[in-house]
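Protein chains in written order, with numbering that gives the first Met the number 0: chain A, 0 to 269; chain B, 0 to 565; chain C, 0 to 108.
These are computed hints drawn from the structure, not numbers from a lab.
Hints are not guaranteed to be accurate.
[What the hints assert, rightly or not] Partner residues aside, some chain C positions facing chain A, computed with beta carbon under 10 Å:
| id | residue |
| --- | --- |
| 1 | 18 |
| 2 | 23 |
| 3 | 85 |
We put the beta carbon where it would ideally sit given N, CA and C, even for glycine.
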Amino acid sequence: MAETAHATATAHAHGGGHGHAHDPNLAHHFEDMGQQRTSATLGMWAFLGTEVMFFGGLIGSYIVYRFTSPDVFGAASKYGLNVWLGTINTVILLTSSLFMAFAVHAGETGDRKAQVRYLLLTMALGTLFMVIKGFEYREEYHEHLIPGPHFSTEALHLPEEPAPPTASAEHAHESAETLKTASFLTVTPVQFVRQRAQMFFVFYFFMTGLHLLHMVIGLGLVTWVLILARRGRFTPSYYTPLEMTGLYWHFIDIVWVFLYPLLYLVALHK
Amino acid sequence: MSATVEEPRGGGGDGEYRGERKNYLTDGYGILSWLLTTDHKRIGLLYMVSITIFFFVGGAAATLIRLELMTPSGDIVQAETYNKLFTLHGVAMTFFFLIPSIPAVFGNFLVPLMIGAKDLAFPKLNLLSWYLYTIGGVLAVVSLLLGGVDTGWTFYVPYSTMFSNSAVIPAAMGAFVVGFSSILTGLNFIVTIHKMRAPGMTWFRMPLFIWAHYATSLIMILGTPVVSITLLLLALERVFRVGIFDPALGGDPILFQHLFWFYSHPAVYIMILPGMGVISEIVTCFSRRPVFGYRFMAGAVLAIAIFGFVVWGHHMFVSGQSMYGGMVFSFLSFVVAIPSAVKVFNWTATLYKGSFSFDTPMLYALGFIGLFTIGGLTGLFLASLATDVHMHDTYFVVAHFHYIMVGATVMAYLGAVHFWWPKMTGKMYPELWGKLSALLVFVGFNLTFFPQFVLGYLGMPRRYYQYPPEFQVLNVMSTAGASILAVGYLLPLIYLTISLWFERDAGPNPWDASGLEWETTSPPPKFNFDETPVVTGGPYVYPLGEPEGQDERLPVEPQPLPAGRS
Amino acid sequence: MSQTVTPTARHDHAEGHIGPRTYLVIFGALLGLMALTIVAALFDLGAANFIVAMGIASVKMVLIILYFMHVRYSDKLTWVFSVAAFLWLLILVGGFLNDYFTRGLVAGR
Chain A
0 MAETAHATAT
10 AHAHGGGHGH
20 AHDPNLAHHF
30 EDMGQQRTSA
40 TLGMWAFLGT
50 EVMFFGGLIG
60 SYIVYRFTSP
70 DVFGAASKYG
80 LNVWLGTINT
90 VILLTSSLFM
100 AFAVHAGETG
110 DRKAQVRYLL
120 LTMALGTLFM
130 VIKGFEYREE
140 YHEHLIPGPH
150 FSTEALHLPE
160 EPAPPTASAE
170 HAHESAETLK
180 TASFLTVTPV
190 QFVRQRAQMF
200 FVFYFFMTGL
210 HLLHMVIGLG
220 LVTWVLILAR
230 RGRFTPSYYT
240 PLEMTGLYWH
250 FIDIVWVFLY
260 PLLYLVALHK
Chain B
0 MSATVEEPRG
10 GGGDGEYRGE
20 RKNYLTDGYG
30 ILSWLLTTDH
40 KRIGLLYMVS
50 ITIFFFVGGA
60 AATLIRLELM
70 TPSGDIVQAE
80 TYNKLFTLHG
90 VAMTFFFLIP
100 SIPAVFGNFL
110 VPLMIGAKDL
120 AFPKLNLLSW
130 YLYTIGGVLA
140 VVSLLLGGVD
150 TGWTFYVPYS
160 TMFSNSAVIP
170 AAMGAFVVGF
180 SSILTGLNFI
190 VTIHKMRAPG
200 MTWFRMPLFI
210 WAHYATSLIM
220 ILGTPVVSIT
230 LLLLALERVF
240 RVGIFDPALG
250 GDPILFQHLF
260 WFYSHPAVYI
270 MILPGMGVIS
280 EIVTCFSRRP
290 VFGYRFMAGA
300 VLAIAIFGFV
310 VWGHHMFVSG
320 QSMYGGMVFS
330 FLSFVVAIPS
340 AVKVFNWTAT
350 LYKGSFSFDT
360 PMLYALGFIG
370 LFTIGGLTGL
380 FLASLATDVH
390 MHDTYFVVAH
400 FHYIMVGATV
410 MAYLGAVHFW
420 WPKMTGKMYP
430 ELWGKLSALL
440 VFVGFNLTFF
450 PQFVLGYLGM
460 PRRYYQYPPE
470 FQVLNVMSTA
480 GASILAVGYL
490 LPLIYLTISL
500 WFERDAGPNP
510 WDASGLEWET
520 TSPPPKFNFD
530 ETPVVTGGPY
540 VYPLGEPEGQ
550 DERLPVEPQP
560 LPAGRS
Chain C
0 MSQTVTPTAR
10 HDHAEGHIGP
20 RTYLVIFGAL
30 LGLMALTIVA
40 ALFDLGAANF
50 IVAMGIASVK
60 MVLIILYFMH
70 VRYSDKLTWV
80 FSVAAFLWLL
90 ILVGGFLNDY
100 FTRGLVAGR
């Protein structure tokens with residue numbers, strides 16, 4: 000028989016019996032608020048881990064194409080994207096993270112007015128980010144840079160021949176050869192350049208679009224905790240939804256911290 | 000729950016039903032109490048029903064495949080239909096049966112019980128995960144009703160994105176949604192195991208079942224999101240025709256394979272690790288010995304989970320991956336076999352000088368050990384570049400993975416069903432029928448799949464519905480085996496269902512097994528334990544040996560069981 | 000992994016305290032690093048451009064994680080989880096590039 004000891008009433012840890020003085024925010028299956036809180040935090044970090052891998056697959060694919068057609072991607076980035084708007088958006092997002100950190104801090108100290116104030120500021124900046132992104136998308140639409148039948152590389156000042164992905168001349172010969180696939184699928188170098196230019200924008204729109212979707216979700220969460228904060232729902236011993244929303248928001252910021260150099264700063268020097 | 004349990008409460012009071020204590024099955028009636036439950040045990044049962052349905056869907060497809068393969072020419076179905084059959088078989092079995100099976104049913108049911116918790120960390124997310132599974136399943140059925148998918152469960156591009164005329168998007172989206180079900184399950188287990196162990200339950204006092212599910216959960220949360228984004232990219236390319244993976248449009252189809260296998264290889268470890276956890280529980284109980292090398296067993300599941308992430312390229316040796324990349328992946332694939340071998344050695348050492356009782360769960364466990372070994376060893380032939388060149392895309396590969404997925408995982412699942420059936424339902428199953436089914440499964444399985452090793456070695460390609468006549472004998476053997484296997488699978492469906500009404504009640508511990516789940520009633524009460532247990536020793540306290548490698552047991556006076564426990 | 004009979008860790012995390020001043024300092028650092036990454040992108044460093052850009056982004060990420068996300072004063076477990084995901088991303092990217100960078104390296108493929 001197993002030797003686990005069945006504790007007596009006095010010796011065991013809190014058995015969750017009713018009638019004890021509970022924090023009303025304590026869920027039934029947890030022993031105490033500390034366990035509940037650290038569980039929520041660990042759960043959120045595990046979830047953010049999944050988000051890293053989710054974006055990561057996309058970023059990994061982008062990196063592969065960038066390294067196998069660096070000049071095309073460089074030109075597409077430099078002439079197709081608006082690096083000023085991208086930079087402004089980066090500042091906006093970093094600032095919104097600052098305000099979110101202040102909001103969570105206000106949760107820790109129980110300052111309801113500050114919670115509301117900083118959550119509103121976070122929302123405002125998040126919305127501004129989305130508006131500017133919308134302007135960017137519109138600009139790209141007018142330049143015919145949306146992938147599909149109307150895509151055009153006119154605006155991009157593309158190189159005429161693709162540079163080989165590796166430096167040595169021997170490999171350059173091989174890769175020029177490998178552009179021919181099966182005999183019915185011969186792709187000329189010019190076509191390849193055009194295709195990879197479009198590829199850049201496929202990834203640009205998907206990556207920033209996915210990021211935008213997460214922003215929308217983030218704004219939804221901020222709205223929800225804003226409503227809770229206004230009602231005075233948070234106390235220094237319970238502000239978990241605020242804290243978790245903060246973690247999510249900072250994560251969205253981190254994604255952008257990587258998307259910005261990956262997409263906008265490819266070949267500024269050229 | 001009350002602070003003490005001394006006597007059963009008076010009739011009609013809280014916790015009473017018809018003079019008996021309420022358990023999780025009787026605590027709440029009506030369909031909504033099941034569909035809106037947050038009780039991890041009920042959710043485990045919901046999953047059991049769902050995955051059983053998909054098991055038989057995948058099995059029906061397999062039946063048609065094996066019928067077609069009885070003759071060298073294609074006569075029962077057309078070629079396109081055959082493609083749809085093996086795709087359905089693969090999608091249903093991997094995404095909707097194997098990956099959820101043991102974790103979603105037994106992990107959900109047992110993890111809180113085994114660590115002395117009242118529920119998982121996030122009960123509502125648990126229910127959500129079942130709903131996501133169901134929605135994913137509906138999407139898969141939609142793709143079936145729209146005529147099926149013919150790309151293979153691997154959805155290789157550019158065929159799936161540019162050329163296939165079948166219902167690829169619903170199927171891909173079904174797999175996408177069910178992936179999130181998997182992620183939530185894994186997330187729940189990780190947090191629960193870290194944060195909700197009972198007092199005294201240190202890491203090295205946990206049952207190996209828990210270690211296995213922890214390792215599995217790591218894979219679930221780190222790997223699944225990658226296949227999710229891959230399926231989205233696939234859908235994007237199919238809908239918008241923008242050539243992400245299509246070479247005619249500047250893309251690289253091998254990139255798809257990298258992305259797909261980055262998850263799908265660790266996914267096979269999701270399929271096997273929980274089974275290994277089950278086997279450790281069964282083998283110890285039915286040989287009355289603690290596990291040999293507890294710490295190595297725990298370390299091995301973690302090593303398998305981690306190394307399993309760096310070998311995916313062995314699915315792409317002949318696809319166009321660089322030769323150098325192939326060499327690296329080949330080497331690492333040999334490395335990942337080592338912790339698996341350690342586990343087989345340790346189970347064998349656990350069995351050594353044990354006192355066996357060959358109940359049904361033990362039969363399945365012994366079958367697991369042998370068949371997993373064969374499957375694992377044949378994996379090495381495939382890990383070796385030189386031999387894989389000849390055997391890739393032949394029946395050798397098919398036999399290899401079926402030895403592991405069916406010979407090992409499905410048998411572990413059935414062993415778990417029988418081992419924990421009394422705990423989950425409060426009823427015993429009929430032992431004779433159990434043994435008979437186990438035997439039929441073992442014989443049928445080997446007759447089905449061993450000939451396939453020979454077929455593959457002789458060069459018969461996979462996913463073909465016609466073949467040279469000299470392969471017919473082996474194919475007929477395989478189909479004959481499949482018919483025996485089918486009987487072996489159908490019987491438990493019948494006798495287990497019947498047992499719910501006609502069998503005797505099982506007590507809390509019919510196997511005399513060691514573990515916290517056996518310390519509570521069968522079926523358990525809604526919140527698992529009347530009082531939170533305090534743990535003072537490790538698992539596997541059995542008479543034939545001292546547990547070692549576990550945390551020391553502290554001396555304790557035997558406590559009388561509180562009255563009112565059955 | 001303790002050997003004692005204490006319950007699983009339930010204590011709150013914040014032993015140190017991150018105040019608004021710290022947040023402002025970190026914010027300043029983040030802006031500075033952003034400026035640095037733009038400047039670095041203006042020079043042609045060849046293959047190093049990518050590495051420098053990713054390196055700076057990683058430093059920014061670490062600052063956000065440690066301070067804005069409170070990992071600086073959290074328990075080891077949180078730290079492990081935040082590192083692990085990033086590490087796994089490196090495995091993915093590394094494995095992919097391991098193929099793409101070596102195509103043509105060994106004769107015939």
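Structure-based check of each hint:
Among the interface hints, the one on residue 18(C) holds; its C-beta lies about 7 Å from the nearest C-beta in chain A, closer than the 10 Å criterion. Interface hint at residue 23(C): satisfied, since its Cβ lies 7 Å from the closest Cβ of chain A, which is below the 10 Å cut-off. Annotation: interface hint on residue 85(C) holds; nearest CB of chain A at approximately 6 Å, less than 10 Å.
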